[in-house]
Structure formats: structure tokens, C-alpha cells
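Peer 1: Sequence:
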Amino acid sequence: MNKNKTATIKSAPEIGSLASRLNLKNQSYVLNTINALLFSQQLKQEEYYHKEQL
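The working numbering applies: residue 1161 is where the sequence shown begins, and numbers increase by one.
Check each hint, because a few of them may be wrong.
Said to hold, decoys possible - Pair by pair, the computed Cβ-Cβ distance ranges are:
{"hint": "1", "residue 1": "SER1200", "residue 2": "SER1171", "range": "17 to 23 Å"}
{"hint": "2", "residue 1": "SER1188", "residue 2": "GLU1212", "range": "35 to 41 Å"}
{"hint": "3", "residue 1": "SER1188", "residue 2": "TYR1209", "range": "28 to 34 Å"}
{"hint": "4", "residue 1": "TYR1209", "residue 2": "ASN1183", "range": "35 to 41 Å"}
{"hint": "5", "residue 1": "HIS1210", "residue 2": "ALA1179", "range": "29 to 35 Å"}
{"hint": "6", "residue 1": "PRO1173", "residue 2": "SER1200", "range": "19 to 25 Å"}
{"hint": "7", "residue 1": "GLN1202", "residue 2": "ALA1167", "range": "18 to 24 Å"}
{"hint": "8", "residue 1": "LEU1178", "residue 2": "GLU1206", "range": "27 to 33 Å"}
{"hint": "9", "residue 1": "HIS1210", "residue 2": "ASN1186", "range": "33 to 39 Å"}
{"hint": "10", "residue 1": "LEU1182", "residue 2": "HIS1210", "range": "23 to 29 Å"}
{"hint": "11", "residue 1": "ILE1169", "residue 2": "TYR1209", "range": "17 to 23 Å"}
{"hint": "12", "residue 1": "LEU1197", "residue 2": "THR1166", "range": "15 to 21 Å"}
{"hint": "13", "residue 1": "TYR1189", "residue 2": "LEU1214", "range": "20 to 26 Å"}
{"hint": "14", "residue 1": "GLN1213", "residue 2": "ARG1181", "range": "40 to 46 Å"}
The hints are simulated quantities; they were obtained by calculation from the structure and are not laboratory data. The C-beta atom is built at its ideal place from N, Cα and C for all residues, glycine as well.
Using the sequences plus the hints, can you model the full thing?
Peer 2: If you want it as C-alpha cells, here you go:
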């Protein structure tokens, strides 16, 4: 990513709208990748909160 550009966070409907422009194979790939990243993020967050409670 270009250092001069800031990242824009997309909402779920925006992501869905963008994904709908792709063919079915690419839709599956992109949405599965997003799901994997979100799942990983959730696990790390739960791990962090668990450590805080100890």
C-alpha cells in the first residue's frame, strides 16, 4: 500500500457490494479470506481478554 494513502475501513454491506461484482469463484475466495482473518482476529482478542482477567 502506498504510504501516502490512508486505509479506508469498509462496512459489511460495502464489502458485500464489492464482492458481488466478482465471479462466483473469486467471491468465495475473497469472502473466505475475510472470514479467516476475522476469525483469527476474534481468537486473538479473546486470548487478550482472557490474559487480562488472570
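Peer 1: Now tell me, hint by hint, if it's right for this structure.
Peer 2: Hints and how they fare:
{"no.": "1", "hint": "SER1200 - SER1171: 17 to 23 Å", "result": "holds, 20 Å"}
{"no.": "2", "hint": "SER1188 - GLU1212: 35 to 41 Å", "result": "holds, 36 Å"}
{"no.": "3", "hint": "SER1188 - TYR1209: 28 to 34 Å", "result": "holds, 31 Å"}
{"no.": "4", "hint": "TYR1209 - ASN1183: 35 to 41 Å", "result": "holds, 39 Å"}
{"no.": "5", "hint": "HIS1210 - ALA1179: 29 to 35 Å", "result": "holds, 33 Å"}
{"no.": "6", "hint": "PRO1173 - SER1200: 19 to 25 Å", "result": "holds, 22 Å"}
{"no.": "7", "hint": "GLN1202 - ALA1167: 18 to 24 Å", "result": "holds, 20 Å"}
{"no.": "8", "hint": "LEU1178 - GLU1206: 27 to 33 Å", "result": "holds, 28 Å"}
{"no.": "9", "hint": "HIS1210 - ASN1186: 33 to 39 Å", "result": "holds, 36 Å"}
{"no.": "10", "hint": "LEU1182 - HIS1210: 23 to 29 Å", "result": "violated, 37 Å"}
{"no.": "11", "hint": "ILE1169 - TYR1209: 17 to 23 Å", "result": "holds, 22 Å"}
{"no.": "12", "hint": "LEU1197 - THR1166: 15 to 21 Å", "result": "holds, 19 Å"}
{"no.": "13", "hint": "TYR1189 - LEU1214: 20 to 26 Å", "result": "violated, 38 Å"}
{"no.": "14", "hint": "GLN1213 - ARG1181: 40 to 46 Å", "result": "holds, 43 Å"}
Comparing the model with each numbered hint stated earlier shows that hints 10, 13 do not hold.
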